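Participant: If you want the building blocks of each chain, they are given just below.
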Amino acid sequence: MKAAAFDYLRPAGLGEALALLATHKDDCKILAGGQSLVPAMNFRLARPAILIDINDLDELDYLRADADQLKIGALTRHAAFHRPVVEGPLGTLLAKVVRHIAHYPIRQRGTFAGSLSHADPASEWCLVATTLRAEMVAKSARGERVIAASDFFHGTFTTALEPDEILAEIRLPLMTPDWRVGFYEFSRRAGDFALGMAVAATRVEDGTIREARLAVGGVADRAIRLGLLEDQLVGKPASLAIIDAIAREARGMIEPNGDIHASPEYRRDLIAASVKRALTEALA
Amino acid sequence: MNWIGRRLPRLEDPALLKGGGSYVADRAAKAAAVSFVRSPVARGTIVDIEIPSDATVFTGRDLVDVKPIRPILHRPDYVAIGQPVLPIDRVSFCGQALAVVVADDAALAEDIAEQVFVDIDVADAIINFETALAPDATPVHPEAASNVLVEGRMKTQGLDKVFADAAEIVALDVRSHRQSAAPMENRGGLAEYDAGSGRVTLTASVQMPHMLRTGIADTLDMPESDLRVIAPDVGGGFGQKMSLFPEYVVLVWLARKLKRSVAWIEDRRENLLASAHSRDQAFSLRGAFAKDGRLLGLEADLRSNIGAFSCYPVTCGVEPLMAFAELPGPYDFAEYGVRSRGVTTNTCMMAPYRGVSRPTLTFSMERMMDVAAKRLGIDAAEIRRRNLIKAFPHRSPTGLVYDEGSYLQAMEVAIDAADLPAFRARQSALRTLGRYLGVGISVFSERTGYGTPAYAARGMDIVPGYEIVDCSMDPSGDVVLRIGSSPHGQGLKTSLAQLVSDELGIEPHRIRIISGDTDATPYGWGTFASRSMVIAGAASKLAAGKIAVKLKTIAATLMETSSDNIELKDGWARVSHSNQAMEIGALARAAYHQSHRFEGLLPGLHENAVYDPGGTFSNACHIAFVEVDIETAGVRVDRFLVVEDAGVLINPMIVDGQITGGVAQGIANALFEEIVYDDTGNLLTASFADYLPPTAAEIPEIEIMHMETVSPESVTKAKGVGEGGAIGAPAAVVNAICDALSPFGIELFELPATPQRIREALRRAGGASYA
Ligand SMILES: Cc1cc2nc3c(=O)[nH]c(=O)nc-3n(C[C@H](O)[C@H](O)[C@H](O)COP(=O)(O)OP(=O)(O)OC[C@H]3O[C@@H](n4cnc5c(N)ncnc54)[C@H](O)[C@@H]3O)c2cc1C
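First to last, the sequence lines map onto chains A and B.
Per my numbering, residue 412 is the first one in the first sequence, and the count goes up by one each step.
Per my numbering, residue 52 is the first one in the second sequence, and the count goes up by one each step.
Derived by calculation from the structure, the hints in this document are not laboratory data.
Treat each hint with caution, since some may be false.
Distance condition first, Cα-Cα at most 27 angstroms in a straight line; then the derived BS3-like pairs of lysine-lysine [as the list claims (entries may be wrong)]:
id : chain 1 : residue 1 : chain 2 : residue 2
1  : B       : Lys342    : B       : Lys425
2  : B       : Lys81     : A       : Lys413
3  : B       : Lys544    : B       : Lys603
4  : B       : Lys206    : B       : Lys69
5  : B       : Lys544    : B       : Lys69
6  : A       : Lys413    : B       : Lys310
Since this is a predicted model, take the numbers as computed values, not measurements.
Given these sequences and hints, build the entire structure.
Facilitator: The structure is reproduced here in structure tokens:
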């Protein structure tokens, strides 16, 4: 379990990193926290000829909130979210979710941007980005573009990023204090990838749901936003009946994948349970 | 001061905790790296192995002179199968080593291994019982007529009658899926060639260093004296590190061939793929019960998947024959009929794993008791009360003799501690809120510390069992104990030091224990089968006892009294009813330097002793409390209680550690760990992302209480305790799950009880909240 031979480059600044990416393209891979890439290299499932280590790019190590967005720089580690990074529902949600990502030592190294770039179907951050309609800022020597979450994830381990691009920043919309959030995940052991999970966020006025966000993860090749169900929620009274109905609908509308830990049938049950619990929390 | 019975911190720990431990990999830095090319398929014929030019690679063709590993049982129903260290023509399981690469470092060795091209003519693999036992199945091994390599059968005379008379017959089909012992440290070996002597020293992470020396010498046809085997610090073994593996033979062969040092440090993928597996068992039981719940007779058809080869030295009989002999467990009944088969398949070899067949057989019996109790309308504890062994010695239907135990008492103590009435109240209150709590009991016996008679009875060609210990005290009064047993992390040195301290009246830190080095210890059997404390402990006590006698004679001579008047304690030899005393160090010095003064005594203080017992039975009761989330089918173990009777506790802290670790593995067996192959024999669980040892988060604190039944069968009064935790826990946990799900009438008979299996059972029972 030793990686195949590779060259290792450690650019000092973003410009240099982008130049290297432009030169080496498909032959290279960015090394961030290394918590997905290095195991894959040791299994020889990934064998990049060149590693471009971005850990010296201090300009990407930031977390900022402006008027309506939280901006997460590429070197922000999972552990940064252990305590709410912004006041209000968004900070609460991120702090709740982060505890389900791997284990403490891994969270000290692994990055938010690394999770999105890696695009594991059961990544919590990918689910959050999908649910909340995040924007991804990709940079390359050619320039910069902003990609909507709905366009970013292409499937298991594949994204819209080009080989010469770095995911420099993720932008999450801030949520006003009248939003409520919920998250539920089922995994076999503490720290395992989810077999099923859901994020829900709702804004309720006078007992009526005005806005809703709902998505599930860990059940297909990418997180799935349940836009239809979001629409169904809007205008309805917050009630156990609507939660139950939505959970049942979610269960029926997704064709989940199966593996040794969860058959498609069992994953459907987990979709229902996760949606129900996340929504219950968000409507509490 | 007495040392026995004290929670003495382990003497091993300061070094281990401060990074001073020394494992194989710590010693391998200077050696050339070895990597094995492994079969990507489960079954086939090797057409060709293409080797990159100018690489150091060897295949089976280079090792034609090496004998296969071929353990023997002298039984008419046993078919001996040879395991080639590297095969020439036939591939028998996915992960089997086919070629070996030597390179300057491990990464380079893996690079070369990738370039070795193996052309295999693939055949349909036989993976499970259904295909292996089909009437038209092709044998996995052409030299065997069928895929049954060992079979035990017996039937008592009155069996048919008790079934005819039974008030209730409970039949169940139990399935235990395959597991790995998953020691924290994988296998590994360093073979060093000494140019001066031509000897090879193999340092390896193993449990039976002497056996390994014999086995390797036999297969390589070399004198044992040319090989030294060292087991340094070993990071867990649990049985997986008992067997002679082809990799170790190849390492010694390479060192001799290349006249250089070579090392192989196994990675986790290899360990899961190609070390050894266990517990792949299908048991069908029928119990004949009287109306009052008494078990009158038991009929069983037991199948154990032994994989592609027979493990050396204990053979593929280890699971099936233990199941055959010990299924009756802690219950008192006379009529028994059993057929137990070891079935070969194109999968990784089975070898012992903590508890061997007993986790599955305890699971089977304890599930049967719960089902019978429900059918007969008897309480789960009550049906056990009526059936547990109460008189000793007890003779089981298979002829095993159980020494004094506390089967009933241990259960009563556990039930008291469990406060079942309070639990039942909580259980019914929470059910109305849609929460499902359950409690499960498991009672079992554990045959431990058995010597040669037990192994000879199995017909083993190599009969292990005894232990030899050399004990010497140096002129300063410090003691060296050389033991044939070989600890693999369980604190044996501390417990032995406590025993010997009481024998000699000196402090444990003055006792140094040398183990795991065939050049420095007497021939011994290492560590397995909950034996070390009972057998190596007794031999240590007896050897030290001989030195104590000698010390007393010397003291009596020097202080002019009778040796009956001498007591050895706290570093002194004291004359009773007087204030006369001499330091033990002074006596030791006299034994060496003034030996002419002690008529009839040989100079020095050097003794040995051998112990070869019949065996002693430990017993325990486990009670598990769980909560099942019926929507996700997630199970949480809320509380776990153990009442253990392992005789006298030498070091209660170490005993509790053994139980806690065992229960953790038992909970893993109940809920998490499962080796999965696909239909072609390809392993799907090749890392800890898919093979799931629980983390600390999934294991509750284990509450432990002790009974201390003193058995005449053990010199140290200790019974074995290494395996019990793992034996009892699966049954307790699954019984608790079934209790939690009793409103749905769910009975589970499969290990592990994974969420998707539980959820499937709920679905079938109509308890699925989402149709
Ligand atoms: C035992 C274990 C358990 C885990 N459990 C979970 C879990 O439950 N949930 C979960 O979500 N994750 C889990 N992970 C993965 C972990 O969260 C990783 O940290 C994360 O997936 C990747 O982040 P990284 O910074 O480590 O990226 P790396 O491993 O360095 O890189 C991953 C991939 O992303 C690319 N990449 C990284 N950063 C960028 C960037 N800025 N721009 C473009 N490409 C980039 C790399 O080239 C590589 O292809 C687990 C990991 C381990 C080892």
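Participant: Taking the hints in turn, state whether each one holds.
Facilitator: Results for each hint:
Straight-line distance between C-alpha atoms of Lys342 of chain B and Lys425 of chain B comes to about 12 angstroms, which keeps the hinted pair within the 27 angstroms bound. Of the pairs offered as hints, the one joining Lys81 of chain B and Lys413 of chain A holds, with about 18 angstroms between alpha carbons and a cut-off of 27 angstroms not exceeded. Under the criterion of a C-alpha separation no larger than 27 angstroms, the hint pairing Lys544 of chain B with Lys603 of chain B is consistent with the structure, at around 25 angstroms. With a CA separation close to 56 angstroms, the supplied pair Lys206 of chain B and Lys69 of chain B exceeds the 27 angstroms bound.
The straight-line distance between the Cα atoms of Lys544 of chain B and Lys69 of chain B is roughly 18 angstroms, inside the 27 angstroms bound, and the hint therefore holds. The hinted pair formed by Lys413 of chain A and Lys310 of chain B meets the criterion: a straight-line CA distance of about 26 angstroms does not exceed 27 angstroms.
Of the hints listed earlier, the one the structure fails to meet is number 4.
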